[in-house]
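Numbering of the sequence shown is given in the numbering used here, commencing with residue 1 and proceeding in unit increments.
None of these hints come from the bench; they were simulated from the model. All clues given are correct.
Distance windows between CB atoms, simulated: (1) 69 x 132: 35 to 45 Å; (2) 82 x 193: 40 to 50 Å; (3) 107 x 55: 12 to 22 Å; (4) 96 x 164: 29 to 39 Å.
Note that the Cβ used here is the ideal one computed from N, Cα and C, for glycine as well.
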Amino acid sequence: MCHVVVHGGPMNKPKPLVIAHRGASVDHPENTLTAFREARVQGADWVELDVRLSADEVLVVHHDAHLADGRLIRQVHAADLPDEVPSLAEAFEACDGMGVNIEVKNLPGDPDHGDAHLVCEAVVGLAEAYRPFDMLLVSSFEMDSVDRIRSSDERLPTGWLVIERSGPGQVLERTVAHGHGAVNPWDDLIDEALVVAAHELGLRVNAWTVDDPDRMARLATWGVDGIITNLPGVARQVVDEVARA
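Between the sequences and the hints, there should be enough to build the whole structure, so can you do that?
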């Protein structure tokens, strides 16, 4: 049992979604079917996961461009990947009952960066087959990638992942200008003013990656829409406790 300090008065905002970062990634290897299933057991509302393309253009779930043995995922057929690297389709099934935040990797400097457009096209086609739109979010640090997702199907919710310490107003205005409905800032960038400003612009705010219970409680009282965490069980308890305060 964790005990948290509840900041401020009674919470009159909707409870933030508990979003398991790569599944229950403290208890099980990240981005694995076991981690996703355990996230559900621990009370996660959503799972956040990372996707890349295999050599035969299957969407697979893995954070890095390379496997632990050094092979580039883009050069390995899906059937030849280690058992612990699931396809996105398998991940969707393991995340039954939960929303899914798909992060498109393929960042500048990654050896598979040139295939980002293929990843986006594949994500749009597969995601819509497995979840209603209100249970999906596609995000990326690359604005071009989330722009491409949005241009493929405006119904598919998109969000910009932000780590730069530029002015919060600039970040929010750019997100709105590009037509995205969510901003996913690094936790250190978030204060109550940012949350209020984002909501005034109609944006959802999902904080990452938050593992400290007191920080979770503060974010919940500020009204963030989602808490992305490696500890979904802890976040579930904190969010529920804040809501009862």
